[in-house]
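Residue-level listing of the chains:
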Amino acid sequence: MSGRWSWFNITSVVFGFAFLYLPIVLLVIYSFNESRLVTVWAGFSTKWYGELFRNESILDAAWVTVRVAFISASVATVLGTLAAVSLVRFTRFRGRTLFTGMVYAPLVMPEVITGLSLLLLFVAIDFARGFWTVTLAHITFSLCFVAVVVQSRLVSFDKSLEEAAQDLGCPPFQAFMKVTLPVIFPAVISGWMLAFTLSLDDLVIASFTSGPGATTLPMKIYSQVRLGVTPEINAVCTILIGIVTTGVIIAALLNKRRAMQDDRV
Amino acid sequence: MPSLGSIRRSFAPWSDPDAKPYISFRNVTKRFGDFTAVDNLSLDVYEREFFSLLGPSGCGKTTLLRMLAGFEEPTEGELYLDGQPLKGVPPHKRPVNMMFQSYALFPHMSVADNIAFGLKQDGMEKSARDERVAQMLKLVKLEEFAKRKPHQLSGGQRQRVALARAVAKRPKLLILDEPLGALDKKLREETQFELMDLQQELGLTFMIVTHDQEEAMTMSDRIAVMDKGIIAQTGTPAEIYEAPNSRYVADFIGSVNVLEGQVVASDDGHVTIEGRDGRFTGAVRGQGPAQGKTVWFAIRPEKMRVSREKPTDTENAVQGEVWDVAYLGDMTIINVRLDSGSVVQAAMINHSRLVDDPIGYEERIWLSFSADAGVVLDR
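Those protein sequence lines, which keep their order, are chains A and B.
For the first sequence, counting from 1, position 221 maps to 478 in my numbering; every step adds exactly one.
For the second sequence, counting from 1, position 62 maps to 85 in my numbering; every step adds exactly one.
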């Protein structure tokens, strides 16, 4: 970038970042607060992290969340990748536009509506609400994110690679597994990470579709906060932020490495 | 009777009526929706032949190759390989290997793994496989690059890897889709001869698609010139160049001057036409066109003689004014504006470094040619 830092530039950057990150930074700082009172600083301490790990109900919720996120991300990745492949490859099948629109609709659908409609469905088919309903709901909404990520990679994928594999003796499915999948794998992984973090974060859809015994961490935090913010909650949130940030950074790095490789080929 | 071109060919299975074709397209049509890419096309290619499909983009030549490899099925018609019908045989079961225009090297595998891919697929034992890979690397002179990934290679090296991978399985037929398109001119010329040597060495049948007429002329035993899904003409490079069957073919290969006229006289093998540009006699294939029919006299620039005086030995001459002169080193091209207004091109080989009295702009000159120098075309 050319040009020097003018005062105007510096001010806008500082304000911009402050706007984005000040609340988060405050939360992280207060998670290390000695005091029970959230807004009064009484010295550095990690005791709330210790408390946290003795709090059974929060640990349970965390375990539920991780399991939901892992299963839903994995299933969504498989389904999303398949959807992306068919969207990119079969350009001429009947109803393609409709199918494309339907895969992407949940991206812009308000979560409340997704949650409510899923709830209605589960009630209608008399599906006992709990762990599996949350997981299914998360698969539904994260599938389209995976499809978008994988599709953007597949568009630039040279189809003759797969044809070359077939030409050298691979049946079509093997050609996909041996050539296409390894080449687009970074995109599949970043799709999985995106799905995982989305599931980890979700409160609205989980609240609608969850049942007794399947409280996720965001739900737990939300219900606790209604009784007052404790430093314990700050500690949980700090850990969550850490996990999500790591995930996002890894996904970005994978994408960047892929882009660099594409440039070189 | 003198023959066409300046090469004597000993390999010519296509002129042997008993020879069995290796590849046979029988009335093949391929449609994509409303678009007809290949239109009722029949073609025979013989074993060990180096065969080129030549044509502008969109003429159906790549579709023809892809049908042979199995990536497209003909809409109508039949395809035979070594006498066996190919209908319904998927690509991975065809004894054909293809070299792709984009090379299609697997980016996540090393050069050696790329070459070994097809062998592994066939279940070849590791020791035999390694030996074959080493042999292939040696053939394309890439021994030191076995462990590199494709993105660490230059364009020419990638082309060689693609070639090695395609011939590693020792297919009897190798099909190549614009194999030299991505290389620069000098590298392309070198590679052309390497491809020819390789084909000889391995005894393969090559079927190649190209839009570069020079490339097709250099390498092929025979060429099929394609136009909008049909084959305009099939023949040896010399036949295509010296005895084109239509203006399309004459114009597609090399430069040509085409002058329109009506048939006024014909005798054995020659036809005389007369039009607004003058009266010319040229050779015809087989039965000549009927009297009075509109035809075209086609003559290549290098087959015209340029002189200041009216030639005395032939009636086949026309006068004009020098319009443009281009000195190319090996030859000089002049554009001559005939009295009728048409502009024709003549090429003079520069036999000597020193020229006493060179031709200049706006000079009036005569162009003359023997009765066998030009051809009369009826379409």
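These are computed hints drawn from the structure, not numbers from a lab.
Even glycine gets a Cβ: it sits at the ideal position worked out from N, Cα and C.
Don't take each hint at face value.
To be verified - Here are the computed distance ranges between Cβ atoms for each label pair:
(1) Gly178/B <-> Lys513/A: 17 to 27 Å
(2) Leu373/A <-> Arg171/B: 48 to 58 Å
(3) Leu339/A <-> Asp136/B: 20 to 30 Å
(4) Lys513/A <-> Ala35/B: 56 to 66 Å
(5) Ser343/A <-> Val112/B: 18 to 28 Å
Unchecked claim - Far from chain A, by Cβ distances over 12 Å, these chain B residues were calculated:
(6) Asn120
(7) Leu128
(8) Asp145
(9) Phe168
(10) Ala191
(11) Asp200
(12) Ser269
(13) Asp347
(14) Asp353
(15) Gly364
(16) Ile388
- Verify that the Cβ of Asp353/B lies farther than 12 Å from every Cβ atom of chain A, and report whether the claim holds or is violated. holds, 39 Å
- Quick one: work out the minimum CB distance from Ser269/B to chain A and report holds if it exceeds 12 Å, violated otherwise. Answer for Ser269/B: holds, closest chain A Cβ roughly 34 Å.
- Message: Please check whether the beta-carbon of Asn120/B is more than 12 Å away from every beta-carbon in chain A.
- Response: Asn120/B is in fact no farther than 12 Å from some Cβ atom of chain A, at 6 Å.
- Item | Phe168/B non-interfacial with respect to chain A [C-beta, more than 12 Å] | Fine: 16 Å to the nearest Cβ keeps Phe168/B off the interface.
- With d taken as the least Cβ-Cβ distance between Gly364/B and chain A, does d exceed 12 Å? Holds, since 50 Å exceeds 12 Å.
- Whether Leu128/B stays farther than 12 Å from all C-beta atoms of chain A, as the label says: With a cut-off of 12 Å, Leu128/B comes too close to chain A, as the shortest Cβ separation is near 8 Å.
- Query: With d taken as the least Cβ-Cβ distance between Ala191/B and chain A, does d exceed 12 Å?
  - Reply: Incorrect as stated: the minimum Cβ-Cβ distance to chain A is 8 Å, not above 12 Å.
- Message: Range first: 56 to 66 Å. Now tell me if the beta carbons of Lys513/A and Ala35/B are that far apart.
- Response: With Cβ atoms ~58 Å apart, the hint holds.
- Message: Is 17 to 27 Å respected by the C-beta to C-beta distance linking Gly178/B and Lys513/A?
- Response: Holds - the Cβ-Cβ distance for Gly178/B and Lys513/A, about 25 Å, lies within 17 to 27 Å.
- Is Asp347/B truly not at the interface, in the sense that its beta carbon sits beyond 12 Å from all beta carbons of chain A? holds, 44 Å
- Task: Beyond 12 Å from every chain A Cβ: check whether that's true for Ile388/B.
- Result: holds, 53 Å
- Item | Hint check for Arg171/B and Leu373/A - Cβ pair distance inside 48 to 58 Å | holds, 56 Å
Comparing the model with each numbered hint stated earlier shows that hints 6, 7, 8, 10, 11 do not hold.
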